[in-house]
Each structure stands twice: as C-alpha cells, then as structure tokens.
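S.K.: Can you make the complete structure from the sequences, with help from the hints?
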Amino acid sequence: RRTSPLSNPTISSPSLRDPDTFDIRGTVERIIIATRNSRYLVLGVCLAVLLLTVIYVFVWPPVYKVEASLVAERDTEAARYAVDVNVKSVRKDDSRTEIELISSAKVLKEVVEEQHLTYDDVYHPVMSQLQYFWDSSWIGKHWKATKAAIFGSDKQDLPPDQVILGKTIADLATAISVVPVGDSTMGKLTLKGPNRKVTDVANAIINVYMKQRAQTHVEEAERSYEILRRETDLAREELADAGQRRVAYAE
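Under our numbering, the first residue of the sequence shown carries the number 316, and numbering increases by one thereafter.
Keep in mind that the hints were calculated from the coordinates and are not lab data.
For clarity, every value in this text was computed on a predicted model and none was experimentally measured.
Accuracy of the hints is not assured; some may be wrong.
In silico lysine-lysine, DSSO-like type, Cα no more than 27 Å apart, as pairs [as the list claims (entries may be wrong)]:
#1 K526 <-> K462
#2 K424 <-> K503
#3 K482 <-> K512
#4 K526 <-> K512
#5 K482 <-> K456
#6 K482 <-> K526
#7 K507 <-> K526
#8 K512 <-> K424
#9 K462 <-> K482
#10 K421 <-> K503
#11 K526 <-> K503
FRET-style restraints, in silico, Cβ to Cβ [claimed, not checked]:
#12 T350 <-> S419: 48 to 58 Å
#13 I339 <-> E415: 47 to 57 Å
#14 M442 <-> P474: 18 to 28 Å
Glycine residues also receive a C-beta, built at the ideal position from the N, C-alpha and C atoms.
M.R.: Here's what the structure looks like:
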C-alpha cells in the first residue's frame, strides 16, 4: 500500500506577535548597538551634561523661599470709610489693590535702602541672572567699553548706582508673590531670595507697607478734615447770613 505524500502533511504555523506587546529584549539590543556605533557622541553628551550640572551647582545662586500669612480688612460696610465732599478723600482699599501695592516700587525702594540690599541680595529670574553674569564677566565689561569707544556713550544714560538700584527693585518685585487664600480675607505672601536674609526682607516688606499705608490714610484723613472744616465754616456763614436776613424781614 502506498502512502500519499499528503496523508500526513506537516504545517508550520508562523509566529505572530501581538501588536500591543513590547519587545524589551529587541529594544535593549538596538539601544546597545546604537550606543556602540555612536559611543563618542554619547560620551560627549554625557560629559557636557555633567559639566553643565557642575557649573549650575557651583555658580548659580541658591534659592531660599519664605512664606507669610496676611489678613486684610473685610470689604463689608465700606461706606463708613468714605467721606464725599466734592471728592472722595477717605477710602478703604480693596484686597486686590492691597496685593498690588505691597509690591509697588515705592515700598520696595524703601526696603532696599532700609535693609542695605545689593543686587546680589535679591532673587533674579533666569534671563536677569544670565545678563548679570555677562555684564560682570571680563568679556562683557570689555565689550561695553569697546562698543562705547566705537559708537559713543549715550549722554542720557543714568548713573551706574541708579541703574543697579532700578534692577534690584525690579528683580525684587518678581520675587514677590501674594495670592488670596480661598474665599477668606487672608493672603499668602511668598518671597524668594539667594541667601538667608530673605526672612528679614519679607518682614521689612510687610512693615514698610503697613507704615506707608497708615501714613497715606493719615494724610487722607487730614485732607478730609480740612475739606470738612472749610465746608462747615462756609455753612456757618451762610446760616448766619440767612438768620440776619430773616430778622431784617421780620422787622
């Protein structure tokens, strides 16, 4: 009896891989091959990252952060804070205005002068810090001198101490963040700085702001008093004149 070659066929089924699976072994092998073929590029990138990390750690100033909680007056019964005689002289700032005023240039200028802060004592954003590195470097200084020698210096340039003061105040303002806490009348003041003086600076900002705020309210109250006094004297004279006319009419 002869057996047909198709009586016992041998079928080889191809191995199908699920498209959702991840070939870990194949991926690792491809990474090893790519790394081996580009070993100098990989080594250069690793050394560059290590060098930048070392420069950042030793050159870039650290960042300290301090937080303080503030309580604002309620906005209810605001009418009793207003005295309107031709102008509104006595007023109560709303909490959003208080947030803007606490980081105003007037407050920060007094804080910088009171605490004897230098440009190195305040937090700088990334671009300001890079600009400072450039300006204080040997190349940056000579570049400025070369540019001034070629194109001439601007006669309207401010003195260097005023320029540094303006930059210090501007960068100090960027380091301050005041946000309200939920629906309450509280606010959270956050200040960043490059050294441990940040605590003293935060306290100075609050104290200077409260002092200027009280002084402003006192000056407004005095102006309101003067306005009320003038209006009262004028009303008294008008009343006396009306009384005299009434007596003359009765006679």
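S.K.: Which hint numbers does the structure go against, in order from smallest to largest?
M.R.: 1
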